[in-house]
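Visitor: Below are the chains, spelled out letter by letter.
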Amino acid sequence: MFRAAVRLSVSGARSLTWTRLGCTAPLAQRCYSHGGKQETDDEFDARWVNYFNKADIDAWELRKGMNTLIGYDLVPEPKILDAALRACRRLDDLASAIRILEAVKDKSGPHKDIYPYLIQELRPTVDELGISTPEELGMDKL
Amino acid sequence: MVVRVLNLNQMLRLTAGRVGCLLSRRAVVGMTNSGARMSSHSHHEVSDQVDMSQPMYWDRLDTPLPDRAWIDVLDSKDKSLKQKEKGPWTALSKEEKIALYRLKFNHTYPEMKKPSHEWKTVIGGMFIFFGITGLVVFWQGHYVYPPQPHTFGEEWQAKQIQRMLDMRVNPIEGFSAKWDYKNKQWK
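These protein sequences, in sequence, are chains A and B. Here the first sequence stands for residues 1 to 142, numbered as in full-length UniProt numbering. Here the second sequence stands for residues 1 to 187, numbered as in full-length UniProt numbering.
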């Protein structure tokens with residue numbers, strides 16, 4: 001159903017012609033403007049999974065990574081979120097894990113079917129790590 | 001626990017000084033509502049100044065993980081909960097998970113997105129100012145304006161119109177074109 005990271009922009013079908021800043025946190029910014037080699041969706045996903053999979057990731061890197069990722073015009077793939085949640089586990093940070101789930105639900109905007117799909121894909125990880133979703137904690141209501 | 005609410009000036013300064021965050025209108029509005037409050041911070045400043053050299057907390061939809069936790073100063077109950085967090089999370093009860101979230105974050109996303117009643121204040125304020133302006137305009141019309149020129153009077157205006165018709169002002173498409181000369185009335 002959702003082949004690559006879901007694009008939220010109106011021109012969602014145009015996959016490779018966007019301009020954005022790609023940051024791998026402490027390193028240099030790479031600007032994909034016209035003329036350079038375009039990164040594919042899979043490369044993007046792999047880069048971010050790799051970022052969160054760092055074994056000794058620290059709290060700052062987790063925050064930086066998540067804040068940057070949420071800044072993009074897309075909802076991250078389940079595999080990226082899986083890596084991020086596991087990073088939270090390594091940092092003993094349950095609150096941030098729940099916050100991440102809230103953030104991606106918000107990122108989906110009006111597309112109400114994205115979040116249930118993500119939870120469905122992340123269910124094994126969420127159960128394994130013992131993360132409760134905001135819905136299970138009653139935090140999705142006011 | 002000391003809870004300090006920043007005044008509007010400080011909140012605006014904070015917004016202006018935000019480095020590295022793309023400020024969208026929505027995010028700024030969302031920010032000014034809850035502001036970047038200092039809660040349970042360990043220092044006790046007498047002044048209202050925010051120490052911008054310290055990591056700050058914020059509730060922003062587009063920046064889920066702020067630089068510091070909401071509650072920094074933990075009592076012994078919180079500390080033991082944080083210890084328990086280091087073990088398997090499956091051992092935590094729902095209340096403990098919620099408590100851990102509330103230690104780290106102030107508002108949940110639904111709470112951040114909660115609509116406020118501010119628009120009523122804005123519209124009400126607008127109408128108040130319109131009203132005051134209306135009073136000023138009325139007073140001005142009564143006390144400031146000089147008397148109207150005599151050419152505005154009913155009799156003069158009638159004579160003026162008759163003169164314009166006699167001159168055949170704009171007889172094809174404009175003024176005189178609308179007058180029916182045969183029946184001496186407007187068409």
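Wrong hints could be hidden among the right ones.
As the list claims (entries may be wrong) - Ranges between beta-carbon positions, derived for each pair: (1) A/D42 to B/L74: 24 to 30 Å; (2) A/K54 to B/D78: 25 to 31 Å; (3) B/L81 to A/G36: 30 to 36 Å; (4) B/F127 to A/D113: 40 to 46 Å; (5) B/W186 to A/P110: 55 to 61 Å; (6) B/Q83 to A/N53: 25 to 31 Å; (7) B/F130 to A/G130: 54 to 60 Å; (8) A/T40 to B/D67: 28 to 34 Å; (9) B/A91 to A/D140: 19 to 25 Å; (10) A/G130 to B/M126: 26 to 32 Å.
What the hints assert, rightly or not - With a straight-line cut-off of 30 Å between C-alpha atoms, the simulated BS3-like cross-links for lysine-lysine are: (11) B/K79 to A/K64; (12) B/K94 to B/K77; (13) A/K54 to B/K82; (14) B/K94 to A/K112; (15) A/K64 to A/K37; (16) B/K82 to B/K113.
To be verified - Facing chain A, from chain B, some residues (calculated, C-beta under 10 Å): (17) R60; (18) T63; (19) K86; (20) A91; (21) R102; (22) I128; (23) G131; (24) I132; (25) R168.
Bear in mind the hints are in silico, worked out from the structure with no lab data behind them. Ideal Cβ placement from N, Cα and C applies to all residues, glycine included.
Visitor: Determine for every hint whether it applies to the structure shown.
Guide: Now for the hints, and whether the structure bears them out:
At about 43 Å, the CB distance of A/D42 to B/L74 disagrees with the hint of 24 to 30 Å. In this structure the hint that A/K54 and B/D78 lie 25 to 31 Å apart at CB holds, the actual value being about 29 Å. Against the hinted window of 30 to 36 Å, the Cβ-Cβ separation of B/L81 and A/G36 comes to about 48 Å, which falls outside the hint. The given range of 40 to 46 Å is respected by B/F127 and A/D113, whose C-beta atoms sit roughly 43 Å from each other.
Judged by the Cβ atoms, the range 55 to 61 Å given for B/W186 and A/P110 holds: they are separated by roughly 56 Å. Between B/Q83 and A/N53 the beta carbon distance is about 26 Å. The supplied range of 25 to 31 Å therefore holds. Evaluation of the 54 to 60 Å hint for B/F130 and A/G130 yields a pass: the beta carbon distance comes to about 58 Å. Between A/T40 and B/D67 the C-beta distance comes to about 33 Å, which sits within the given range of 28 to 34 Å.
Here the CB-CB span from B/A91 to A/D140 is close to 24 Å, well matched to the stated 19 to 25 Å. About 52 Å separates the C-beta atoms of A/G130 and B/M126, a value inconsistent with the hinted range of 26 to 32 Å. Proposed proximity of B/K79 and A/K64 is supported: the alpha carbons are some 25 Å apart, at most 30 Å. At most 30 Å may separate the alpha-carbon atoms for a hinted pair to count; B/K94 and B/K77 meet this at roughly 16 Å.
Pair hint A/K54 plus B/K82 holds up; C-alpha atoms about 23 Å apart against a cutoff of 30 Å. Distance check on the hinted pair: B/K94 and A/K112 sit about 25 Å apart at the alpha-carbon level, within 30 Å; holds. Straight-line distance between C-alpha atoms of A/K64 and A/K37 comes to about 25 Å, which keeps the hinted pair within the 30 Å bound. Annotation: proposed proximity of B/K82 to B/K113 holds, straight-line Cα distance about 28 Å (limit 30 Å).
Given the 10 Å rule on beta carbons, the hint for B/R60 holds: about 9 Å separates it from the nearest Cβ of chain A. Proximity of B/T63 to chain A holds as hinted, the smallest CB-CB distance being about 5 Å (cut-off 10 Å). With a least beta-carbon distance of about 5 Å to chain A, the hint placing B/K86 at the interface is held under the 10 Å criterion. Contact between B/A91 and chain A, as hinted, is supported at the beta carbon level, the nearest pair being about 7 Å apart and thus within 10 Å.
Against a cut-off of 10 Å between C-beta atoms, the interface hint on B/R102 holds, since the closest Cβ of chain A lies about 8 Å away. Because the closest C-beta pair between B/I128 and chain A is about 31 Å apart, greater than 10 Å, the hint is violated. For B/G131, the suggested interface contact is broken, since its CB lies about 35 Å from the closest CB of chain A, more than 10 Å. About 37 Å separates the beta-carbon of B/I132 from the nearest beta-carbon of chain A, more than 10 Å, and the hint is not met.
This hint is violated: B/R168 has a C-beta 59 Å from the nearest C-beta of chain A, more than the 10 Å allowed.
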